[in-house]
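Novice: The lines below spell out each chain.
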Amino acid sequence: MHRRQTVVRAVLAVLFFLAIAFAMTFMVLPVIAIFTHVPLSRLLHEFSNPIVTDALVVSLKTIAISQVAILLLGTPTAYFLASRRFPGRPLVVTLVELPIVLPPAVAGIGLIVAFGRIGLLGSTFDALGIDVSFNQAAVVLAISLVAGPFYVRQAIASFEAVDRNLIAAARTLGAGSVRTFFKVTLPLARGGLTAGEAICLARGLGEFGATIMFAGSLQGRTQTLPLAVYTTFETQNGLDVALAISALLVVISLAILIALKGSGLWERSRPSAIPVARPESS
Amino acid sequence: MGAIAAVRDPGRPARVELSAVATLSTRFELPLRSFVLELELDVEGTVAIVGPSGAGKTSVLRSVAGLARPSSGRIALDADVWFDAAKGMFRKPDERRVGLVFQEYALFPHMNVRENVAFAGKARADEYLERFRISHLATARPAELSGGERQRVALARALARDPGVLLLDEPLSALDAHTKIAVRGELQELLREFGLPTLLVTHDYEDAASLADMVGVLVDGKLRQLASPQELVAHPADGFVASFTGANLLRGTARKREDDLTQIELEGGEIVYSTDHAEGLVDVVVYPWDVSVGRQHQPDSAMNVIEGRVRSVVHIGNRARVRIGPVTAEVTEASVEKLGLAPGSVVVASFKATGTRLVPYG
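Same order as they appear, the protein sequences are chains A and B.
With positions in the first sequence counted from 1, the corresponding number in the numbering used here is that position plus 4.
With positions in the second sequence counted from 1, the corresponding number in the numbering used here is that position plus 379.
Treat the hints with caution; some may be incorrect.
Stated by the list, open to error - Derived lysine-lysine pairs resembling DSS-like cross-links, with alpha carbons at most 25 Å apart:
| # | chain 1 | residue 1 | chain 2 | residue 2 |
| --- | --- | --- | --- | --- |
| 1 | B | Lys471 | A | Lys187 |
| 2 | B | Lys635 | B | Lys501 |
| 3 | B | Lys501 | A | Lys187 |
| 4 | B | Lys601 | B | Lys635 |
| 5 | B | Lys717 | B | Lys731 |
What the hints assert, rightly or not - Pulled a few chain A residues facing chain B out of the computed Cβ check, cut under 7 Å:
| # | residue |
| --- | --- |
| 6 | Gly178 |
| 7 | Ala179 |
| 8 | Thr189 |
| 9 | Pro191 |
Don't read these hints as lab results, they were simulated from the structure.
From a predicted model like this one, the values you see are computed outputs, not experimental measurements.
We put the CB at the ideal spot given by N, CA and C, even for glycine.
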């Protein structure tokens, strides 16, 4: 009896450690392999390849524009959704969050039939002389639609987490709503906003599906780093280029993650940090 | 502090009046979740509203500050109208001259002490830091402060706004018992010094009585009684007010006697007498400090005697609260020792018929 228990325990322990070993190897090995498949010097050499530099420029430019757009449009939206209660609010919030779980290819199709030449607003855009397909504007739209909700969702939670009494205190101390927002609400939500922005940035940098559908993969125009990985990989002897870009993306992603953790913002960016709505005290 | 107020009276031309004491007049109804808060109150000097949690105390302050919008009524500081439902007028909190000190002080955690005070009034921040003896804390963050220091910062900040009314939400409840006594003294002085109409809410009757000239007892959104602390104790309007002011409530049935006394048979079967007059179901109100405790009944003037075992002895400073049967007595520590009072000992609690009040049952 006693012996059998010991055996069972030993077997369980072995299974336990095997599970851990498999899981860790599975997750870490692909990342390591990117750096070890070809000598590092060959990877570094590829950084002078125009495909890589072009993709880097396109990525940096589109990500910068989309982040500014997301911050400028997403912050007021998030503040509104966090501070107002109105009928249908849960539905609106859910719609804002939908792209987070939506397959990016679906987002891409959606963009085409909404803003593309054949889309809902296509003729309107045409009349205004705006063209948003297969150019950098299209890349920005794709990134904004797919990555933006990551910021807005976190921003809503961050604004909701600001103690309402502090906002009320600011008002009773003579500050109007604008001063209260910039001096109290925004500084107090800043940590969470930054965390959301970083996640949004990382997600935007990796955007693939919606971009390739809506903007295509034209080198120097719409080919971002992730698109370049895919496109070069398909060409002959393109593996080195694909690996070099991948290595670059791993380094950038890792840097964002480490920066977040170092500043303690990663903890705040978890959904569990969303507070339960405070009941109106009587 | 004299306040100059432009008084507009519909019947007479506008004039400027120099009034020594400003008056905050409130008359409003605010629907809350389970009841409607109704308040009609003029605040001159310091008025405290006491009541149990959920009575609507904080909502009173929120309404005056403009953080909640009543459904009807009018709120004004002298002739300065802040809210008038009839005219559809509602001034935002920053357009009312209120200094609201929140229960947990609501200091801005991302600002230091000076920045907190300067948020309300840049020009006079340093003056107020000095006045509240917190200059040495100017660069400290709220998280680094003690409860008493936080309260001083919150008060300095509220007053730096140069308010016409001071509103205090549970000003002493965030403090530990030791700090509380000292801060209560400071607060008393301060309220006198500034002379602003002050409305404070608290669940602690003692705090209310020590700080305010008038105390209102608020239950389920209605003022049960508004009177001076002495008056509340001497003539509580009902059992709830009495128990809130710290009295014993003994339920029983009253019957008039020939000798002008009222005889009350308590629920526990004991008979007590009162000089108050009443018939039927009543609460007998008797304050703990009017109850004396002895080993046996002394043939003195105290007509009311309740014999029983000591259920508990709670020490408060140099006094102790002793629970005997249905009654709590407050006695000196010396008598606790002399009588050897401990849970289980059989003693006699006695109080005079003149020391009792009879209030309606309920």
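Novice: Does each hint hold? Answer for all of them.
Specialist: A quick look at each hint next to the structure:
1. Proposed proximity of Lys471 (chain B) and Lys187 (chain A) is supported: the alpha carbons are some 18 Å apart, at most 25 Å.
2. Among the hinted pairs, Lys635 (chain B) with Lys501 (chain B) is inconsistent with the structure: their alpha-carbon atoms are about 67 Å apart, more than 25 Å.
3. Straight-line distance between C-alpha atoms of Lys501 (chain B) and Lys187 (chain A) comes to about 14 Å, which keeps the hinted pair within the 25 Å bound.
4. Proximity of Lys601 (chain B) to Lys635 (chain B) is assessed by CA-CA distance (about 32 Å); at most 25 Å being required, the pair is judged violated.
5. For a cut-off of 25 Å, the pair hint linking Lys717 (chain B) to Lys731 (chain B) stands: about 22 Å separates their Cα positions.
6. Evaluation of the Gly178 (chain A) hint against chain B yields a held restraint, the C-beta minimum of about 5 Å falling below 7 Å.
7. Interface restraint check for Ala179 (chain A): the shortest CB-CB distance to chain B comes to about 6 Å, inside 7 Å, so the restraint holds.
8. For Thr189 (chain A), the suggested interface contact is broken, since its CB lies about 11 Å from the closest CB of chain B, more than 7 Å.
9. The restraint placing Pro191 (chain A) at the interface with chain B holds, with a minimum CB-CB distance near 5 Å, inside the 7 Å limit.
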